[in-house]
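Peer 1: Residues per chain, in single letters:
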Amino acid sequence: MANKTVQFEIKRQASPDAPAVWESFELEWRPGMNVISAMMEIAANPTTADGRETTPITYDSNCLEEICGSCAMRINGKARMACSALVDNLEQPIKVEPLSKFPLVRDLQVDRSVLFDNLMAVKAWVPVDGTYDLGPGPRVFPQQQEANYPLSNCISCCCCMEVCPQFNDDTGFVGAATIAQVKLFNNHPTGKVFKEDRLRALAGDGGIQECGFAQNCVEVCPKQLPLTEAISDVSREVILQKAKDFLRG
Amino acid sequence: MASPRIIVVGGGLAGLAAVIKIAEAGGTVDLFSIVPVKRSHSVCAQGGINAAKNLKGEGDTTAQHFDDTIYGGDFLANQTPVKAMCEAAPAIIDLLDRMGVPFNRTPEGLLDFRRFGGTLYHRTAFAGATTGQQLLYALDEQVRRYEADGKVKKYEGWEFLSAVLDSKGVARGITALNLRTMELRSFPADAIIVATGGIGAIFGKSTNSVVCTGSAQSAIYQQGAYYANGELVQVHPTAIPGEDKLRLMSESARGEGGRVWVPRTAGDKRPVKQIPEAERFYFLEEWYPKYGNLVPRDVATRAIFKVVYENGLGIDGQPMVYLDLSHIDRATLDRKLGGILEIYEKFVGDDPHEVPMKIFPGMHYTMGGLWIDFDQMTNIPGIFAAGECEYQYHGANRLGANSLVSCIYGGFIAGPNALAYAKSLPAAEGDGGHAAELARQAEINTRLTTSEGTENPFRLWRELGSTMTEHATVIRYNKGLKKADEKIVELLDRYRNINLSDRSQWANTSFAFARQLKNMLELSRVVAQGALLRDESRGAHYKPDFPDRNDEKFLKTTKASFTSDAAGPRFEYEEVDTQFIKPRPRRYDATK
Chain A
1 MANKTVQFEI KRQASPDAPA VWESFELEWR PGMNVISAMM EIAANPTTAD
51 GRETTPITYD SNCLEEICGS CAMRINGKAR MACSALVDNL EQPIKVEPLS
101 KFPLVRDLQV DRSVLFDNLM AVKAWVPVDG TYDLGPGPRV FPQQQEANYP
151 LSNCISCCCC MEVCPQFNDD TGFVGAATIA QVKLFNNHPT GKVFKEDRLR
201 ALAGDGGIQE CGFAQNCVEV CPKQLPLTEA ISDVSREVIL QKAKDFLRG
Chain B
1001 MASPRIIVVG GGLAGLAAVI KIAEAGGTVD LFSIVPVKRS HSVCAQGGIN
1051 AAKNLKGEGD TTAQHFDDTI YGGDFLANQT PVKAMCEAAP AIIDLLDRMG
1101 VPFNRTPEGL LDFRRFGGTL YHRTAFAGAT TGQQLLYALD EQVRRYEADG
1151 KVKKYEGWEF LSAVLDSKGV ARGITALNLR TMELRSFPAD AIIVATGGIG
1201 AIFGKSTNSV VCTGSAQSAI YQQGAYYANG ELVQVHPTAI PGEDKLRLMS
1251 ESARGEGGRV WVPRTAGDKR PVKQIPEAER FYFLEEWYPK YGNLVPRDVA
1301 TRAIFKVVYE NGLGIDGQPM VYLDLSHIDR ATLDRKLGGI LEIYEKFVGD
1351 DPHEVPMKIF PGMHYTMGGL WIDFDQMTNI PGIFAAGECE YQYHGANRLG
1401 ANSLVSCIYG GFIAGPNALA YAKSLPAAEG DGGHAAELAR QAEINTRLTT
1451 SEGTENPFRL WRELGSTMTE HATVIRYNKG LKKADEKIVE LLDRYRNINL
1501 SDRSQWANTS FAFARQLKNM LELSRVVAQG ALLRDESRGA HYKPDFPDRN
1551 DEKFLKTTKA SFTSDAAGPR FEYEEVDTQF IKPRPRRYDA TK
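As given, the protein sequences belong to chains A and B, one line each in that order. All the letters of the first sequence, read from the start, carry residue numbers 1 to 249 under the working numbering. All the letters of the second sequence, read from the start, carry residue numbers 1001 to 1592 under the working numbering.
Derived from the structure by calculation, the hints contain no laboratory data. Please note: incorrect hints may appear among the correct ones.
[Unchecked claim] Computed footprint of chain A on chain B; a stretch qualifies when at least three of its residues, placed anywhere within it, have a C-beta under 8 Å from a C-beta of chain A:
id, segment
1, 1449-1459
2, 1502-1508
[Said to hold, decoys possible] In silico DSS-like cross-links for lysine-lysine, where the CA-CA straight-line distance does not exceed 27 Å:
id, chain 1, residue 1, chain 2, residue 2
3, A, Lys-78, A, Lys-4
4, A, Lys-192, A, Lys-242
5, A, Lys-223, B, Lys-1346
6, B, Lys-1582, B, Lys-1553
7, B, Lys-1273, B, Lys-1306
8, A, Lys-195, A, Lys-95
9, A, Lys-223, A, Lys-78
10, B, Lys-1273, A, Lys-78
11, B, Lys-1582, B, Lys-1543
12, A, Lys-11, B, Lys-1483
13, B, Lys-1423, B, Lys-1483
14, B, Lys-1269, B, Lys-1290
15, B, Lys-1543, B, Lys-1556
16, A, Lys-101, A, Lys-4
17, B, Lys-1482, A, Lys-192
18, A, Lys-242, A, Lys-223
19, A, Lys-95, B, Lys-1346
20, A, Lys-4, B, Lys-1168
21, B, Lys-1290, B, Lys-1306
22, B, Lys-1482, B, Lys-1559
23, A, Lys-195, B, Lys-1582
Since this is a predicted model, take the numbers as computed values, not measurements. Note that CB positions come from ideal geometry on N, CA and C, so glycine has one too.
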């Protein structure tokens, strides 16, 4: 067991305009090691496998238990959360790259603010009257709660958008995460007051019709959101809404 | 003043709660957060949120919630604000319910409640085992709504560096660092609310998120704010030890019937499922028959330490005990605890539906924090604080599921009070101290980036973490605490010889971390020295050499203030407000 090591290949890019380079690292293996703990180790000893001094790697991370959605990156080609990427389950050398569909900031850090913009565009909230004491909310039966709760587990990691062939500058597709939130809020007894607005927001260019049903989203989602089901359901509603709007003139 | 400017620092539950109250009252807010607010540490809270809604026919009352909280905190919390919080809690749950939090439900469609530590009532509302995530999202959504209306401007990816104080010591704004462009800037404000969470990072590994360094509250402490009860640190009994962090395994696991045990025979080699019931030592149930597995966290943590280190009964001789859910049916587990079981399975590889989990205590929460008055204002005029970064609601030990309610309640109090304060604030003289503070920060930055030393900040941090964990967590000895303080002084000295392996001016994480580290070191002295001075045992603070609570000497709030002396912080003590419930012995092995 002594001196067992782990090999990493990490894609580095000092800034959005700088050239990308790969750096190799060889780290001491430790039980339970994940990709994040490897990068923490590199920060404490920033030296490449060939003994060259380098800089600590820039990456997003926070909770390290796959609930904050920060540390999404591509590991051995797969979009996933780095905290739950256990080294023992990965083929070596472990290749780590930033998500490719979002503006690069530095190294493994990208700008995913587009998702938050999309959530604003579809009014992903319940419009409460105020924060004063207005008594309990509407009754919700356990069956409804159990249908909505999985949708509410979306951690905004954007993996579903990364792997979607339609998520690109040409289509301007909003991506699966936002569509799932539309379903969630349209299901809510109060939230559904904006149902028509949300459906219309998904009706135009970049809206739900851009989905090509590749189904990559549902496979990659670390929280197993029922994304394809949400897309089908919302898609049907959008078509109905379009028809209604057409008839209304 | 017509339209005051409020800055909220921190976008977890407390910060967002404050933002919502201010925006609702017509104010505008600049919201600063290191991470996108939806990724704040509040997402990690698992088990639930307490409120005496009494929906289970048990006769629960807010008075009972108040008593449990004060008793659980070993009488160190000021009673007036705690009482008000417990009374406000049921309406907070209703509000969250109206905002769409997917709380678990009873068959009739009402809110379901479960039991948590330190109470005999079902008082904890929950959304699976990801309650913090669901609550944070609900508030995040409301804030996004106000953002769409132009009432809130977010500065995500900006790290707070310091408060801007005018010549009279009144807050006039903040300085902050853009973590991408590395731009240093000052922002004017008439009031500031600090809601920057816990300080887990000073212990190296903890259940906290990466951003929980305590850097912001330490910076404010170094600018003259009192830091209260810094020595009161909660170690959660059930965490999964890991290389990068200690992952929380929620108290709700025990609330739903989870049992903690070890084999009665040290080194029992049988597969765990073959150890018969009679040969399992359910030590919490034996030692605390009334509360059983749901004793408060400090009590459970010490019991685990005793079983492991005194009785030598850790699993396979390792510092680990079983947390067993495998006797509960799969559907119930998935419905009520799915989120945490998934964490265990992903990070450990075993299925907790089938085999008991292996857990050990881990640093979790800071009861101490910035000193605030009953209006949530620090002793620096214009700086308010809410959430885990302040000290007000949990005394010497926090009860499970009280943190979420204290965050939201604290934010709800701080927001309107900050707005009212700001409205009556006279205009600043001159530039309100902005230029001077910017210059001070720029100088610190230059010193760091030009330092030609040899010390790597991340390695210094590891040394800090292991010292603090060894000497200043579950069991404390004065000798060890002195050693810890000496070590911190050594690290502060070596910090002057720092070397940033990255000197670029773009998304430089070493630079940002080095700035945090200095603040962590200063705050660590408050924790270590505060613990050294408190020669008693109370709540989570336990000294075998002083095993009893000493109300005569220490029923007092510790207040530390920063000095530039080599000796470190200056300490003074303040009377605790005990006007409603007379302090009585705290014993969970009997009915209280």
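Peer 1: Hints first: check each against the structure and report whether it holds.
Peer 2: Tested hints:
1. 1449-1459: holds (count 3)
2. 1502-1508: holds (count 5)
3. Lys-78/A <-> Lys-4/A: It holds: about 25 Å lies between the C-alpha atoms, which stays within 27 Å.
4. Lys-192/A <-> Lys-242/A: Holds, at roughly 17 Å.
5. Lys-223/A <-> Lys-1346/B: Holds, at roughly 12 Å.
6. Lys-1582/B <-> Lys-1553/B: holds (16 Å)
7. Lys-1273/B <-> Lys-1306/B: holds (24 Å)
8. Lys-195/A <-> Lys-95/A: Violated, at about 43 Å.
9. Lys-223/A <-> Lys-78/A: holds (15 Å)
10. Lys-1273/B <-> Lys-78/A: violated (37 Å)
11. Lys-1582/B <-> Lys-1543/B: holds (24 Å)
12. Lys-11/A <-> Lys-1483/B: violated (42 Å)
13. Lys-1423/B <-> Lys-1483/B: violated (48 Å)
14. Lys-1269/B <-> Lys-1290/B: violated (32 Å)
15. Lys-1543/B <-> Lys-1556/B: Within the cut-off at roughly 17 Å; holds.
16. Lys-101/A <-> Lys-4/A: violated (35 Å)
17. Lys-1482/B <-> Lys-192/A: violated (60 Å)
18. Lys-242/A <-> Lys-223/A: Cα-Cα ~31 Å, so violated.
19. Lys-95/A <-> Lys-1346/B: holds (20 Å)
20. Lys-4/A <-> Lys-1168/B: violated (60 Å)
21. Lys-1290/B <-> Lys-1306/B: Holds: Lys-1290/B and Lys-1306/B sit about 20 Å apart, inside 27 Å.
22. Lys-1482/B <-> Lys-1559/B: The hint holds at about 19 Å.
23. Lys-195/A <-> Lys-1582/B: violated (54 Å)
Violated hints for the displayed structure, listed by number in ascending order: 8, 10, 12, 13, 14, 16, 17, 18, 20, 23.
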